[in-house]
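Novice: Sequences and hints are given; from them, build the entire structure.
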Amino acid sequence: MVHVSIAHILFLSFGLFCMGGCGFLIRKNALSLLICLELMLNGVNVALVGFSRFYGNESGHILYFLVITVAACETAVGLAVVLNLFRLKKNIRMDEATNLKG
Amino acid sequence: MSDMAVMWLFLLGKILLFFGIVFGIVAPIMIWVERKVAGLVQDRIGPNRVGPFGLLQSLADGIKLLLKEPLLPREVNKPYYLLAPIISVIPAALSFAVIPFGPPTTLGGLFETPQRLQIASLNVGLLFVLAVTSLSVYSVVLAGWSSNNKYSVLGALRASAQMISYELASGLAVVSVILLSGSVDLVHIVDAQQKIWFIFPGILSFFVFLPAIFAETNRIPFDLPEAEAELVVGYHTEYSGIKFGLFFLSEYSIMTTVSAMAVLFFFGGWELLPGFTWAQAGIDIQNTLIGTVLATSWFALKVIVFLFLFVWVRWTLPRFRYDQLMGLGWKRLLPIAIFNIFIIAGVMAF
Amino acid sequence: MTTLLGSKRYYPKKTNPYECGIPSEGAENTRFSVKFYLVAVSFLLFDIETVFLVPWALSFQKFRHQGDGPYLFVVGAVFLFVLTIGLVYEWRKGLLEWNR
Amino acid sequence: MMAPADILFFALAALILLTGALVAFRPRPIESALWLILNFFLTSALYVLLGAHFVAVIQVLVYAGAIVVLFTFVILLLNLNPQELGAGQAVPWTSFVLLIGTITAILLCFHVATPELLRPLPKLSHPDTFGTVESFSVYLLKNYVWSFELAGVLLLLAVIGVGLLAYRKPKSVHGSSQQKDSSKTQGQKGAA
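Protein chains in written order, with this note's numbering: chain A, -17 to 84; chain Y, 8 to 357; chain Z, 63 to 162; chain E, 2 to 193.
Mixed in with the good hints there might be a few duds.
[Stated by the list, open to error] In silico lysine-lysine, DSSO-like type, Cα no more than 27 Å apart, as pairs:
| # | chain 1 | residue 1 | chain 2 | residue 2 |
| --- | --- | --- | --- | --- |
| 1 | A | 71 | A | 10 |
| 2 | Z | 124 | E | 143 |
| 3 | Y | 202 | Y | 309 |
| 4 | E | 124 | E | 143 |
| 5 | Z | 155 | Y | 338 |
| 6 | Y | 202 | Z | 124 |
| 7 | Y | 309 | Y | 21 |
| 8 | A | 10 | A | 72 |
| 9 | Z | 124 | A | 71 |
| 10 | Y | 338 | Y | 43 |
It should be emphasised that the hints constitute simulated quantities derived from the structure, not laboratory data.
Here the structure is a predicted model, which is why all the values come from computation and not from measurement.
Specialist: As structure tokens, then:
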């Protein structure tokens, strides 16, 4: 007999976050990096909504809203950076974006 | 148990009736009307061979599209190419599902409590429609990208840029409808219009909403993505046979959805006349079958007027230039919509 | 369905990318203008503002019945004002011009 | 016997993790983006299951309908070949599997050690209104007005940031230099 518990929700959230994080670290192109970042934020959102359900109030939903706002801003600015990177280097490989390296 | 059975039959009936009406009758008839009106406007006859007055022309076309050779262009990206037309049908079908096409009814005493005449009764119906229609961008982008043809990609980019720009304008117009009705439930929005149709307080938002829905459905005067002369036919250049037919069908069904939305938001849905309800006319639309049928037909009539407007405008107005189009969306409609929300909120607050 | 019913008569040219009957010229993977990105990004940011306006608009009547109408109006007006600053900024910067 | 809602939850969770893995490991960004859309859809269904109806709609409206649209736009605009994308992996993924496995094991021990975490989700006190748009809106505007306004300011800042990044040199964006650049890259492609 298995019930859905907060532990299961947290495992799902953790799993999504790890997938995103793993992808973030092993991918070379900036676009995939940003996509994986979205995946990580989605994992966080699952935890927020799950806790909201656990405690029976809607603070988690509000936080979800704020996370979505941050995600949108991050995507917008991040993609602008990617476009600029492409304009400068003619590729978007993160392993070659080393201009700031001392 | 028998109650459950009746409920299920009712649900099944609603689904079959509605999809049957929309995909089997409304869309084909719309295509026929479109071509007849085109003939009328251009002083020619239009389809007149198949069936009486050419009424069966759409059926014949459908059979033809079905029987056509399934052509797969060489350069396309196969799975995505095949996926795109299917994705285009999904938002069209899903957004239909939540549109109420008549008042809540007991069907002349068949049910204890009034049943809603919609396939899926959602308390976030309006937002659901907005969310689902925002997904129709993907079929366009996917079709253009997977076709691997420069006209297709350019057409897809243009189409989707236009769709999202005007989606914003229509979204803000809808915010003022929410402000006026205080609900996102489509049935409640209609109920809120018993006193006054929202066209009167929300005249500005209607004039934002109307161009926006024309643009979102990629119709003339906003059909630049298809601009035959420059772009062949846009994102579905490489499509033929039933795959093209699906795009075509979903375009016409989305047209019906947005017309229904316009009627629900601004023209009182199935309400009789502004300030004059069915109850005042002595007709009980909830408990008598005849009242329900009358109200539903009245709603259908309003939607048909809107659909006719679509066709009429298509064959009357010329096409915009692309910069004019984007300028209209971002520099006219958007500020007007924001201003309108501000005014309505101000009037309501004080 | 069509796979069953349709006839299958392929010949090589039929599956060429469409180009008004003449052979295709130029590279297919052309890069397109960054203008499209700007439209999409403005859409994204303003769309979220719209989503934020929905709860505000929805609870307006409830607050009005409790006598908090002016308060909620000010809240919304500040939000709309911020939104308008963004729009004016884009306008002044020329972000909204298609023919730059 | 598991309740239908529980079965649905586990099925959805499995699908979400599967699509998540596809997002993270598909080689081309466009495929990642498409799987991401499906992932967001499934997550939205999960939110309905958790009683968050409004959040579920917003998930589709904003994430799937706006954020991923932006991604697909940029992917289409750049239209990159594998070499420009940087094929292959920066770091071998096996090391991460080890790391994540360790953390999961620790978490598992922690969960088993605290049984209240494994109890079924508590009953809601107001199941009819929880998570609906109405209750969410009132909650937001009663308790979190400042977050509401600050979110607006954050969006404004993002608008300005994008303006600064993308509009530094309007002429070079799609003036003659852009065309020269693209013709150059095309020439390289032709040579290769």
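Novice: Is the hinted pair residue 124 of chain Z and residue 71 of chain A satisfied, with a Cα-Cα distance of at most 27 Å?
Specialist: 55 Å, violated
Novice: Residue 202 of chain Y and residue 309 of chain Y: Cα distance at most 27 Å?
Specialist: Roughly 18 Å between the alpha carbons, so the hint for residue 202 of chain Y and residue 309 of chain Y holds.
Novice: Regarding the pair residue 10 of chain A and residue 72 of chain A, is the alpha-carbon distance no greater than 27 Å?
Specialist: 15 Å, holds
Novice: Holds or violated: residue 71 of chain A and residue 10 of chain A, Cα atoms, limit 27 Å.
Specialist: Judged against 27 Å, a Cα distance of about 15 Å means the pair holds.
Novice: Does residue 124 of chain Z sit within 27 Å of residue 202 of chain Y, going by the straight-line distance between their CA atoms?
Specialist: With Cα atoms ~19 Å apart, residue 202 of chain Y and residue 124 of chain Z stay inside 27 Å; holds.
Novice: Going straight from one Cα to the other, do residue 155 of chain Z and residue 338 of chain Y come out at no more than 27 Å?
Specialist: Distance of about 13 Å is within 27 Å: holds.
Novice: Take the C-alpha atoms of residue 309 of chain Y and residue 21 of chain Y, compute the straight-line distance between them, and say whether it is at most 27 Å.
Specialist: 20 Å, holds
Novice: Check whether the Cα positions of residue 124 of chain E and residue 143 of chain E lie no farther apart than 27 Å.
Specialist: With Cα atoms ~25 Å apart, residue 124 of chain E and residue 143 of chain E stay inside 27 Å; holds.
Novice: Going straight from one Cα to the other, do residue 338 of chain Y and residue 43 of chain Y come out at no more than 27 Å?
Specialist: The given pair, whose Cα atoms are some 36 Å apart, is violated under the 27 Å limit.
Novice: Mind checking the alpha carbons of residue 124 of chain Z and residue 143 of chain E for me, to see if they're no more than 27 Å apart?
Specialist: OK: residue 124 of chain Z and residue 143 of chain E at ~12 Å, within 27 Å.
Checked against the numbered hints above, the structure violates hints 9 and 10; every other hint is satisfied.
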